[in-house]
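From just these sequences and the hints, can you work out the full model?
From first to last, the protein sequence lines are chains W and Y.
Residue numbering for the first sequence is 14 to 309, as defined by the numbering used here.
Residue numbering for the second sequence is 21 to 240, as defined by the numbering used here.
Please note that a few of the clues may not be correct.
[To be verified] Derived DSSO-like pairs (lysine-lysine); straight-line CA-CA distance at most 27 angstroms:
1) W:K147 <-> W:K63
2) W:K48 <-> Y:K22
3) W:K48 <-> Y:K217
4) W:K63 <-> W:K234
[Said to hold, decoys possible] Partial selection, computed: residues in chain W whose CB lies under 8 angstroms from chain Y:
5) F15
6) A159
7) L227
8) R279
Everything labelled a hint here was simulated from the structure, so no lab data went into it.
The C-beta atom is built at its ideal place from N, Cα and C for all residues, glycine as well.
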Amino acid sequence: MFRNMKDLVHQAQEQGLSLAGMMMAQELETPGQDKDAIFARMAVQYQVMKQSARRGLEGLRSRSGMTGGDAKLLEEYIQSGPVLGDGLGLRATRYAISVNEVNAAMGVVCASPTAGSCGVLPGVLLAAQEHLDKTDEEMTWALFTAGAVGYVIANNAFVSGAQGGCQAEIGSAAAMAAAALVELAGGNPEQAAHAAAMALKNLLGLVCDPLAGLVEVPCVKRNAGGAAIAVTATHMALAGIKSHVPPDEVIEAMYQIGLSLSPTLRETAQGGLAATETGNAWKQQLWNPVPGQEDA
Amino acid sequence: MKYRSVFDIIGPVMIGPSSSHTAGAVRIGQLARTLFGRTPDSAVLRFYGSFAKTYRGHATDVAAVAGLLGLPTDDPRIPQSIELARQQGIALTFIAEEAIPAHPNTLTIELADGRGTFRATGVSLGGGLVQMTEVDGFSLKLSGDSPALLIFHRDAYGTIAAITQQLARAQVNINHMEVSRSERGKTALMVIETDEKVEPEVVGQMESQSNVFKITTLNP
Numbered sequence: 014m015f016r017n018m019k020d021l022v023h024q025a026q027e028q029g030l031s032l033a034g035m036m037m038a039q040e041l042e043t044p045g046q047d048k049d050a051i052f053a054r055m056a057v058q059y060q061v062m063k064q065s066a067r068r069g070l071e072g073l074r075s076r077s078g079m080t081g082g083d084a085k086l087l088e089e090y091i092q093s094g095p096v097l098g099d100g101l102g103l104r105a106t107r108y109a110i111s112v113n114e115v116n117a118a119m120g121v122v123c124a125s126p127t128a129g130s131c132g133v134l135p136g137v138l139l140a141a142q143e144h145l146d147k148t149d150e151e152m153t154w155a156l157f158t159a160g161a162v163g164y165v166i167a168n169n170a171f172v173s174g175a176q177g178g179c180q181a182e183i184g185s186a187a188a189m190a191a192a193a194l195v196e197l198a199g200g201n202p203e204q205a206a207h208a209a210a211m212a213l214k215n216l217l218g219l220v221c222d223p224l225a226g227l228v229e230v231p232c233v234k235r236n237a238g239g240a241a242i243a244v245t246a247t248h249m250a251l252a253g254i255k256s257h258v259p260p261d262e263v264i265e266a267m268y269q270i271g272l273s274l275s276p277t278l279r280e281t282a283q284g285g286l287a288a289t290e291t292g293n294a295w296k297q298q299l300w301n302p303v304p305g306q307e308d309a
Numbered sequence: 021m022k023y024r025s026v027f028d029i030i031g032p033v034m035i036g037p038s039s040s041h042t043a044g045a046v047r048i049g050q051l052a053r054t055l056f057g058r059t060p061d062s063a064v065l066r067f068y069g070s071f072a073k074t075y076r077g078h079a080t081d082v083a084a085v086a087g088l089l090g091l092p093t094d095d096p097r098i099p100q101s102i103e104l105a106r107q108q109g110i111a112l113t114f115i116a117e118e119a120i121p122a123h124p125n126t127l128t129i130e131l132a133d134g135r136g137t138f139r140a141t142g143v144s145l146g147g148g149l150v151q152m153t154e155v156d157g158f159s160l161k162l163s164g165d166s167p168a169l170l171i172f173h174r175d176a177y178g179t180i181a182a183i184t185q186q187l188a189r190a191q192v193n194i195n196h197m198e199v200s201r202s203e204r205g206k207t208a209l210m211v212i213e214t215d216e217k218v219e220p221e222v223v224g225q226m227e228s229q230s231n232v233f234k235i236t237t238l239n240p
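As C-alpha cells, then:
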C-alpha cells in the first residue's frame, strides 16, 4: 500500500518492481481481484485512447463550433515535412489535440485523470509507441505507471479543475504521462517520480478559465502544452536531472495553490480567459437561450 | 483514500466533454434512479456551485438525465437524453441555484411518480468519481462503487446488531458502514457497503424484521 510518491518509489526499489508493477500489486490487494482481468480492462482503456486519437485526426467540430480541426492541421503539417523536424514532442502534441477535440465534440474518450485533460496521456503514449516500436501490452503497462502517479496526486491533492484549477487536471496528466514515458524508455522508479515532479512543477498555478465553461478553449491547446511538457520533463529525468523539491512536496504545493485560488479561476467561467471580451461574447451567445425556446 | 482503484484515474471510458460535469453527472443520475427504484414521472434537477454556472456548457443537464434513464457513461445516446426522456413522458425541470454548496459540483435530484417522492444529493469529485451525500434528508457518504444496502429502520437498540448478524451468517464482509437518524427514536438510515453482493433472500429476511421499514439495494 502506497500513499505518497516516497512510499511508492521506496517500495518499488525494495521489491524490484516498476511503478506499473506497484500499481498492479496494489490493485490486487482488493479482495476478489484477478490480475488477468485487471490487465484486460486496462488494455481496453488503451484501445479507447487509440480510437479517439485517430478519430480526431479526421477533423471534427464541437457542437458550439468553438473547437475542432486543429489536429488535422497538425497532421497535414507533419506530413508536409516541417522545417523544424517532426520529433516525439510534435507527434505527441498532435495526438493530444486530437483526443481532446473528440472530447469537446461529445465523442468517446477515456478520462485520464479527467476528460478535460484526456489528451495528454494518450498523446504522449501513442507518439511513444510509434517512436519506440512498443507492443500494445507494453503500452498497457505504461497506463499502470501513469495510474500510480495519478492515484497519489488524486488522494493527496485533487484532479478536478473545479477544486484545484487547471494545474490539478493538465498538471496531473502531464505528471502521469512523464512517469509513464520514463518507464517505457527504460528509466527507473526514481527517475519516473522526478519526471512527474518536474512536469507538475511547470504547470503549478495554472488556472481553470474555460470560455463559457465549456471544455474547449483553452483546454484543447493546454492538452498540447501538457504533452510537450511531459516529454521535456522525461528528457530531463532520463538525463539524471532531479527535481530539487521532492515529488511529494511539489504535489503538496499544487494542493495549497489550488486551495488559495479564487473560485472565479476554478471552472466557473468568471475569470481569466473566460472573462475576456471574447470569453464574455461566447458566454452571451451560449448561456442565454433564444427567447421563446423552452429550456429543456 | 477517496480514490481506491487505478480505474478511478485511468477511466471512465465516457462521452465528453467533462469527467466531473458530464460523466460524474451521469453517475449521480444513475444512482438516484437506482435508489428510487424505477423510472420517475417527473424529475427536478437543482445545480449548485460550478454546476450552476456551467451546466449548459458541459451538458451536465443532459448527462444527469441520461443517468436517470439508466444509460452508462459511454452510451452514444447521451447527447439525445432529454429528447429520450420526453418520449418516455418524464417531465423535467432544471434549476440553477444561488446557494453556495460545501462542494463546488453539487446536484440535487427530486424524483416523483404516483407511488411516491424521493430526493437525493450527490457531489462530483473529479475524474468521474461521485459521492451521494444525502438521501431523503439523511446524510451519508456513498460512492456507489461497491454493493450497498440502504436500510431505513426504527431508531431502536438491537437493530444494527441484528442486521450485521444476518450479514455474518451470509458470509458477507462489510467494508464501510454508517448510521444517521432524523430524530431520536424515529427513523434512521443504516448504509452498509459490502465486498460481496447480498442475495435477495438475505435482504428479504432483513426486511421481515419489525424494526426495518425499507431496504434499497445497490449492485454496481
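Going down the list of hints, with the structure as the test:
no., hint, verdict
1, W:K147 <-> W:K63, "14 angstroms, holds"
2, W:K48 <-> Y:K22, "23 angstroms, holds"
3, W:K48 <-> Y:K217, "21 angstroms, holds"
4, W:K63 <-> W:K234, "19 angstroms, holds"
5, F15, "10 angstroms, violated"
6, A159, "7 angstroms, holds"
7, L227, "4 angstroms, holds"
8, R279, "7 angstroms, holds"
Going down the numbered hints, you'll see the structure goes against just number 5.
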